[in-house]
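Residue numbers (the working numbering), protein chains in the order written: chain A, 5 to 508; chain B, 330 to 651.
In short, the hints are calculated from the structure, not lab data. Heads up, a few of these hints could be off.
Stated by the list, open to error - Among the chain B residues that face chain A by a calculated CB cut under 10 Å, a handful are:
(1) Y521
(2) Y524
(3) R526
(4) M529
(5) A538
(6) L540
(7) G600
We put the CB at the ideal spot given by N, CA and C, even for glycine.
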Amino acid sequence: MLQRVESGDSLRFNAIGKNFPGVRALSDISFIARPGTVHALMGENGAGKSTLLKILGGAYQPSSGDLQIGERTLAFRSAGESIANGVAVIHQELHLVPEMSVAENLMLGHMPSRFGLVNRRAMYRQARELLKGLADEIDPAARLGSLSLGQRQLVEIAKAMSRNAHVIAFDEPTSSLSAREIERLMTIIAKLRDEGRVVLYVSHRMEEIFRICDAVTVFKDGRFVCTFDDMSTLTHDALVTCMVGRDIENIYNYRPREHQGEALRVEGLLGHGLQAPVSFSVSRGEVLGFFGLVGAGRTELLRLLAGLAPHKAGTVQLEGQALKLRSPRDAIAAGILLCPEDRKKEGIVPLGSVAENINIGARSRNARLGCLVQGRWERENAERQIRALNIKTPSPDQQIVYLSGGNQQKVIFGRWLSMPMKVLLLDEPTRGIDIGAKAEIYQIIHDLAASGIAVIVVSSDLMEVIGISDRILVMSEGAVTGEVPRDQAEESRLLQLALPRSRG
Amino acid sequence: MSAQQNALAAPRQGLNMRRFLDDWVMVLAALGIFVLSAIFIENFLSPLNMRGLGLAISTVGIAACTMLFCLASGHFDLSVGSVIACAGVVAAVVMRDTESVLLGVSAALAMGLVVGLINGIVIAKLRINALITTLATMQIVRGLGYIFSDGKAVGVMQEQFFLFGNGSLFGVPVPIIITLACFVFFGWLLNYTTYGRNTMAIGGNEEAARLAGVNVDRTKIIIFAVHGLIGALAGVMLASRMTSGQPMIGQGFELTVISACVLGGVSLSGGIGMIRHVIAGVLILAIIENAMNLKNIDTFYQYVIRGTILLLAVIIDRLKQR
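Use the sequences and the hints to build the structure in full.
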């Protein structure tokens, strides 16, 4: 496959390292991505792929090392510098303005104008040219927000092409696309490759990697593991072994648990994000996994159960008693506790200390006269949780933002362990967490279930869902599409159930 | 494992130093300015001037205590200046008509509480921006003050009423005692009650607090209600010192109070704030104003100087966060 264009410049990463307070996100990453090839970056969540792309895009500055495009050695101090040097990074969250038109988004920063007045006709004409061959059906005058996610991605790609970027990086571009949109993206990527550009491609999906990529670099825990240059000799298994690097069974450390009667029963639940009534039950001691692609409605389901959104129909029963879930306080009072997906936004109080973040939930029920904080109890409780969960912090007074993602997640576990708990809802519990802390979190989940708590885990990490769940429900497009017991859980079967049908 | 622990231990040393600076630097600055003024300005330490300084601190100081809670929760309240004026007017009008000091003061405090409750309910329940909400109530309450008083100062005859502003206990003026009591009480409230801690959590991350089971709406309503009540108390004290309820006073007062808090180190974006920040900010503003008066600096220049100090303080605060 190397006979393709070799004229352009290579992209070279030279010993790139990146430290955050308390965490080493990347260390000593070196590899070369050649022009006219599609180079895949693979690794588990938190392996450092996104950090590397952020360095490439100028959002982060590396703590050590540098980039090289052709003969030029570069260190981008801002997104602007990265763009000016012919790099375009297409992030998972698109950097577009939904309220503006497609054309305005494409031309943002350099709209055709005279004396400050925008020349609309010229703008639309130029936008149409940019979209030509890429997405002819998109009307440049349409409001960006009215487009599908796939179309928006095409607009972002058109924007990258308009700057004639030599290096184009895609960060999990297919995670929210329909099958047809994926097809089109593949065609476009092949075209970019044939034009002699450097294409970096981050994805978890094996079939895409084997289909479109010419080389794969694998990361693990922020380190470079290996690069495969010849895809024709690479097998699926060899790649997985390289990615995981250890016995999968060992990380999840699954052991059978006794199920002790029904805890939560959900019947005919409907609400925001659910297209069909959802019914299921979960027993005490059971870990119930929810698998699906992004946007399948799993997070929305958890939010209904946590009282964060009102349900339109259906019932939720806990140990036979019907619950009214109008606010998070109702759910918490019943013992249904949620560890949210977005820890930074909904989980932690970043300015607060570790102790503060642990005690925030239990504080009111332990206060004297309903309002006086029990300082001694809080201190002891914080120390107890730090010890029990092995939270790595120099002291309970450490500000929580200085902890690593895994330890922040453990603090949230500690918050809920300080309170009466019957059902634990976990939304992507190990997203952005390094592998060592992951294993600890799986152990905590197991121990909680073994102590008689019903655990519901939502995850997009297929291995993880299979590894820790007793039973898996698969969701797609706001509906439950299948139930798979542990002994029949296979990747292909779960994926099949998770893929959208109506559009594909 | 050990590498990670080392990585954690190292920033902590720096943090402790920084935390100490964050916590105390403005208090030290206030003391420094006090000492400098004492050395270089004649009559600064005279009993008469000290008394004047104490009284100047009192009105702003009381209102700043509860403004601290508003700011710490990530909001602010612009209506406090109008509440102060209206409370004085209400107290004076009710005393004129009923001749009862108790009724007059109660009516004023009740008015402040109701305004605060309205602010709190609109902000917490209807999710309307605090800037707009309190901008509206600021004008409404200011208008009500003029309506109640017919646009003129309302004199007070009751001797007992003057106790609030002009009385003294063991030689210390009552307003100063009330201010000190407020500093102690609200400092305690912020640190040792669920209400205070929840206020900080809401300012730090409202969504996280809600998900953790904090009653966010109720806490916000209490914050604004208490602020209204305390604003009215400050208004009563001011009316007592001036022996009349004046509908036009306290214009721009809300901004002075917010300036004092921010100057002392309270964060405008919420989640950071301590009573010592408030004390430091109030002291710095009052001492500088007092010094400028003693030096006979023109009022016009005083505005420029006060604004410059505030701007410098927030720029320094911004730089500290880098």
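Tested hints:
Given hint, Y521/B at the interface with chain A, holds; its Cβ is 5 Å from that chain's nearest Cβ, closer than 10 Å. Interface hint at Y524/B: satisfied, since its Cβ lies 6 Å from the closest Cβ of chain A, which is below the 10 Å cut-off. Annotation: R526/B was flagged as interfacial toward chain A, and the flag holds, the nearest CB pair being 6 Å apart, inside 10 Å. Because the closest C-beta pair between M529/B and chain A is about 7 Å apart, less than 10 Å, the hint holds.
Restraint check, A538/B versus chain A: the minimum CB separation of about 7 Å is within 10 Å; hint holds. Because the smallest distance between the Cβ of L540/B and any Cβ of chain A comes to about 5 Å, under 10 Å, the interface hint for this residue holds. At a threshold of 10 Å, the smallest CB-CB gap from G600/B to chain A is about 4 Å, leaving the interface hint in force.
This entry satisfies every hint, going by the numbered hints stated previously.
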